[in-house]
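Model the full assembly from the supplied sequences, consistent with the hints where possible.
Numbering (the working numbering), first residue to last: 2 to 472.
If you're looking for bench data, these hints aren't it; they were derived computationally from the structure. It is possible that some hints are incorrect.
[Claimed, not checked] Below, a list of computed lysine-lysine pairs in the DSS-like style, where the Cα atoms sit at most 30 Å apart:
id : residue 1 : residue 2
1  : Lys231    : Lys307
2  : Lys307    : Lys232
3  : Lys282    : Lys259
4  : Lys236    : Lys308
[To be verified] Estimated spans, in silico, between C-beta atoms of each pair:
id : residue 1 : residue 2 : range
5  : Ser66     : Leu175    : 18 to 26 Å
6  : Phe198    : Lys231    : 36 to 44 Å
7  : Lys282    : Val18     : 21 to 29 Å
8  : Gly224    : Phe194    : 45 to 53 Å
9  : Gly327    : Gly149    : 55 to 63 Å
10 : Gly224    : Ala379    : 41 to 49 Å
11 : Tyr142    : Met284    : 45 to 53 Å
Note that CB positions come from ideal geometry on N, CA and C, so glycine has one too.
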Amino acid sequence: MKKYGKATVCWWVLLIVALGLIAGVQSRPVQRWLTESSRNAADAAVGLLQLDIVSKLAVGTKAISPSADNAMKLFGDIEKSATTNGLKVRAAIVAGELLGANEAIQRLDKLLDGTEESGQIDFSGNGFSSEAMLLKEWYEYKVNGEEGFDLLVRWSELGRPLDWYVDLASVYGLPNDEPFRKTLIDDAIRAVFAIGFAVMVIFGGLLLGLILLVVGLVLYYKGILKPKFKKRIEKRPVYLGTMTIFLLLMIGLSLTAKLTLFVISDDIVYEQKQYIGWALKLMLYAGMPMALLYPIIRGTKCGVMKKDVGWHCGGDGFVGFLKEIGAGIIGYLAGLPLVALSVLLAAILSKVTGEQGGHPIVSELSDGRVWLIVFALAMAIIWAPLVEESVFRGVFFAHMRRRCGFWWSAIVVAFVFAAIHPQSLVGLPPIMALSIVFTVMREWRGSLIGPMFAHAMHNGMVTIFVLVIMH
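Right, dumping it as structure tokens:
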């Protein structure tokens with residue numbers, strides 16, 4: 002075996018083992034065993050986001066044009082989005098707003114009857130049944146023309162946090178100019194315009210991206226647009242080792258955090274568990290980038306690693322930095338058609354498998370606490386672009402590209418990149434597509450600045466849209 006061959010084989014074996022462990026830990030059976038409540042919370046948050054989009058779209062559309070049938074037609078999408086009993090309770094509230102109190106009562110009755118037959122009904126205040134019973138009582142008072150009770154006070158007594166849906170139920174039947182009701186309806190109208198703006202931006206970006214993609218391909222095949230990527234200087238498999246250590250740190254620290262919470266979960270209250278969980282997450286996010294020190298520890302010179310990994314802007318100083326940012330924007334737009342195709346594939350997979358793609362960050366963004374939202378934004382817009390690009394499009398791509406062609410390297414990097422993200426099979430195509438887009442930028446420019454900026458821009462747009470809809 003040639004020089005460094007044995008070391009390379011060992012690192013590949015460790016990398017495959019690490020990926021297998023990550024896939025196992027992120028599988029639903031293990032997630033349920035380790036952190037059932039947090040996994041359920043993540044799934045529920047994804048469903049709540051989908052329900053928020055269609056519900057606010059329907060309520061806002063009705064407020065803008067009360068005589069239009071569009072709001073009623075959207076109710077079919079609302080029912081499809083209500084995939085859990087808790088979401089079905091909220092869908093019943095929207096049904097009451099759109100179709101009247103009797104419709105809400107009918108849906109709540111149906112929900113309660115179904116759970117009673119299955120033996121799942123719970124009147125203790127710990128399950129959704131108590132929510133459904135309270136709302137049914139509320140709407141029955143409204144149908145009978147009685148004043149009733151303070152819904153928000155009774156809801157809080159159940160130990161449930163207030164949200165847009167419960168607030169909307171509490172102002173049922175009031176005129177639209179009543180201050181609190183007007184605030185809630187304005188939220189829905191704002192969501193309608195936000196969704197409309199997002200749709201226009203997406204279609205505009207796709208059109209511009211398609212043009213840029215065609216122009217780029219023409220320039221490439223004419224030899225005008227040439228890749229600036231240079232194969233790495235470091236010959237030892239230290240970059241493959243860095244990738245493997247990153248994955249081992251990820252699985253080791255993640256398992257430590259999950260097992261710690263699992264062991265102490267019976268001894269602490271929920272709020273304490275949340276704070277400990279976030280302290281452990283900080284440990285995870287701080288520990289994983291330490292893998293990037295491995296080449297330096299093994300003797301790779303900083304200047305060599307900087308060139309190999311792409312931590313440069315082409316030697317043009319600040320002007321070069323701005324050029325790379327511009328290249329990142331152009332590359333991202335040109336890659337949107339591929340991302341759109343991957344989203345279409347994900348939608349088909351979702352329909353076939355019945356699963357929905359999602360990410361735990363949605364549950365963090367859905368939380369009303371400012372510090373938690375700021376933390377989630379920082380991870381999405383700063384940590385992920387800097388660390389993930391350095392590891393995947395930096396060291397791992399540098400290792401792959403020395404031995405393989407571009408497309409084989411890009412596909413392997415994309416697969417590993419998608420595999421570490423905590424999403425179902427449905428979420429793999431869009432993440433792989435984004436990875437390939439970022440890798441094309443790396444091949445084209447040789448620098449990581451463009452991919453980093455594009456990654457941050459993508460995450461920023463998605464998280465801001467989620468925040469606007471959910472808050």
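Comparing the hints with the structure gives:
Restraint check for Lys231 and Lys307: satisfied, since their Cα atoms lie roughly 12 Å apart, inside the 30 Å limit. Straight-line distance between C-alpha atoms of Lys307 and Lys232 comes to about 13 Å, which keeps the hinted pair within the 30 Å bound. Taken as a hint, the Lys282 and Lys259 pair is honoured in the structure, with Cα atoms around 10 Å apart against an allowance of 30 Å. Distance check on the hinted pair: Lys236 and Lys308 sit about 13 Å apart at the alpha-carbon level, within 30 Å; holds.
In this structure, Ser66 and Leu175 meet the distance hint of 18 to 26 Å, their C-beta atoms being roughly 20 Å apart. A C-beta distance of roughly 41 Å is found between Phe198 and Lys231, which places it inside the suggested range of 36 to 44 Å. The hinted range of 21 to 29 Å is satisfied by Lys282 and Val18, whose Cβ atoms lie roughly 24 Å apart. In this structure the hint that Gly224 and Phe194 lie 45 to 53 Å apart at CB holds, the actual value being about 46 Å.
For Gly327 and Gly149, the Cβ-Cβ distance of about 60 Å falls inside the hinted range of 55 to 63 Å, so the restraint holds. Distance hint check for Gly224 and Ala379: the Cβ-Cβ separation is about 42 Å, which falls inside the suggested range of 41 to 49 Å. Taken as a hint, the range 45 to 53 Å holds for the pair Tyr142 and Met284, whose Cβ atoms sit roughly 51 Å apart.
Against the hints set out earlier in the document, no violation occurs for any number.
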